[in-house]
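Once you've looked at the hints, dock chain B against the given chain A.
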Amino acid sequence: MSNKTEIKNWYLSRFKDFENSLNGESAKPIHKLRKEAIENFSLLNFPTTHDEDWKYTSIAPLLSHNFKPSDGISHLDENKIKKFLQYKFTTNVLIFVNGKFIKRLSKTKNLPQGVIADNMASAISSNSPVIKEHFNKYANNKEQIFTALSTAFTTDGAFIFVPDGKIVEEPIHILFITDSKGEKILTQPRNLLVAGKNSQVSIIEHYASTNDDIYFTNVITEIAAGEDSVIDIVKLQEESINSFHICRVEVNQERGSNFTSHSISLGGEIARNDINARFNDQGSECTLNGLYLLKGKQLYDSHTMIDHAKPYCNSHEHYKGILDDKSRGVFNGKVLVRQDAQKTNAFQENKNIILSDDALVNTKPQLEIFADDVKCSHGATVGQLDNDSLFYLKSRGIGKEKALSILIHAFASDIIKSIKAETVKNYLENILEKTFNKESSRN
Amino acid sequence: MLEIKNLHANIEGKEILKGINLKVNAGEVHAIMGPNGGGKSTLAQVLAGREEYEVTKGEVSFQGKDLLTLSPEDRAREGIFLAFQYPIEIPGVSNTNLLKTALNEIRKYRGQEEFDAMEFLTLLKKRMKLVEMDQSLLSRSVNEGFSGGEKKRNEILQMAVLEPVLSILDETDSGLDIDALRIVANGVNKLKSKERATIVVTHYQRLLNYIVPDFVHVLYNGKIVKSGGKELALELEEKGYDWLKDQQELVTN
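Residue numbers (the working numbering), protein chains in the order written: chain A, 1 to 443; chain B, 444 to 696.
Source of the hints: derived by calculation from the structure; they are not laboratory data. Cβ coordinates follow ideal geometry from the N, Cα and C atoms, glycine included. It is possible that part of the hints are untrue.
Unchecked claim - Pair ranges (Cβ atoms, derived):
(1) B:Gly588 - A:Gly296: 34 to 44 Å
(2) B:Gly592 - A:Lys400: 23 to 33 Å
(3) A:Lys400 - B:Gly462: 26 to 36 Å
(4) B:Ile621 - A:Asp373: 48 to 58 Å
(5) B:Lys673 - A:Lys420: 57 to 67 Å
(6) A:Glu433 - B:Glu681: 39 to 49 Å
(7) A:Lys184 - B:Thr565: 32 to 42 Å
So here's chain A without its partners, still in its complex pose (with noise of 0.2 Å):
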């Protein structure tokens, strides 16, 4: 099927299927947001590469396949799931399950007093004051096709508060595990993360799977973060190289507040990542950090873009790609300075190593500043591992398998670095050790 119609078609019957099966939950005010949702969707249509910015990245090879959206039923014995879970990057966990989440395995120890790391189905239920100040209120479904597509399929993901002045000092891991056994199922997490003024927390949000199956995840994160916190998140994707993986991060600075997101992606067979920050206010700091370690002919795609609507905020983008074999990698970083954005700084960098002939980068800064009084930079490369670093090598004994991997971290290693989690960088040099040793195989 890639008649695009029939797709949309699939789809919206799908939802008719999903409705029918929510006994008495149509009645609730979260219904009402998934019926416009879908509403929208019916009017959206799929990006194709003649949009701007789906220029680099077609999207038939997803919209060639009938995904059913996951019952979030799973026979997945509790020892797999636990393999997951066998580096401890902490304490915290909440786990989900071909997006739904497994309550007697999560666990959260000695979170502050008002601290909520649940999942949203229990918030939306519970009819949370916070759900009511924040949900939906950063996402666009109007506007944006995955994001209505997720809406009207709203049903569970991580649900993250922090109050006013508390400290979350270990940090959360929320671990999203597909098990489909051969369907093709799409999950669709729905994660909000709000946190209160003057507070702290640390995010680890990893994408994970059982097998190379084809599936689907379409992600919908909204932040809120409220004046002077500071909120930390590394995004973990190391999903089947078969799956697809579209994902949209909207973050809302208010006054003071510090984000950082390290988005770390294995790539699928689509990786699409939308980050969109907005600075609300003065004095904020936004960072976005990511690496991405291509192979095969995956395609991974990043579209940032940070908003500086108000004056005296500051962001950093750092991304780097290592690509091999067919694998395509593209990058597009927004940045907007307003008219009254006087005093920004923003700095960003793009900078990839083809390993193969065959790989291809597409990059893109694209700096849109209003304001005169601002230092904006920006910058891209494309290369190669230097021919003389790896004769250097050579020349003290190491062998060129051995010379190529001590590069190639070289180059990922401030990305990692810039994680503060001692077992997820670990974690992460172990990935990067593997992923292109031709020596061993891939998974």
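This is chain B only, laid out in the frame that chain A set:
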């Protein structure tokens, strides 16, 4: 230990080495001098196995093995060390990590047991004293932010750790002040032994006051045009290279 016979080498189609003959025995120090562009650095890099150079004629044997068929890493594992004229900066790779990996690869090749972190660190600390290196430089990235002198001392430190049989110092003295020169030479001298040999490639005679050669060869226009003892270096210092160029012209005419 090393025998070079009629070595010819090109880079980008241009012939630089036009028939080098040289024999180096264990325990000896050979200096290769000559005007710029003569082929000194080229010789050093060809011996180390730099792929940009194409060997078109000749043979090189090292400890009885055909050196030219070996990859750069195997040459290093066999015991050849090149101290670079312009040591590379490699951000993101620590000095310690580079050395430990290199040493263990060499030991593995020789059937020796690899060092673990503790054993290696002990060895490293001892060697650092030799080149008067500060410990803080160890955790930094290879040559990153190092001064010229520190980079050259780092080359000698690597030499001290990897313990090569044949060391080739490519213009190690270029850009060094007298103090750095003294430290580098001291390190090299301490590493000399009856089983090891050193080739010192240099433009100036001054280094040879500190690293005293047994033999001095002058490389001019791709060939060794004159060989002698250490006095030859002093003669060149006095008369300059033009003296030799004139002599060469006399011979060819």
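Against the structure, the hints come out as follows:
1. In this structure the hint that B:Gly588 and A:Gly296 lie 34 to 44 Å apart at CB holds, the actual value being about 38 Å.
2. The supplied range of 23 to 33 Å is met by B:Gly592 and A:Lys400, whose beta-carbon atoms lie about 31 Å from each other.
3. With their beta carbons about 31 Å apart, A:Lys400 and B:Gly462 fall inside the hinted range of 26 to 36 Å.
4. For the pair B:Ile621 and A:Asp373, the beta carbons lie near 50 Å from each other, so the given range of 48 to 58 Å is met.
5. For the hinted restraint 57 to 67 Å between B:Lys673 and A:Lys420, the CB-CB distance of approximately 59 Å keeps it satisfied.
6. Against the hinted window of 39 to 49 Å, the Cβ-Cβ separation of A:Glu433 and B:Glu681 comes to about 57 Å, which falls outside the hint.
7. Look at A:Lys184 against B:Thr565: about 57 Å separates their beta carbons, and that is not inside 32 to 42 Å.
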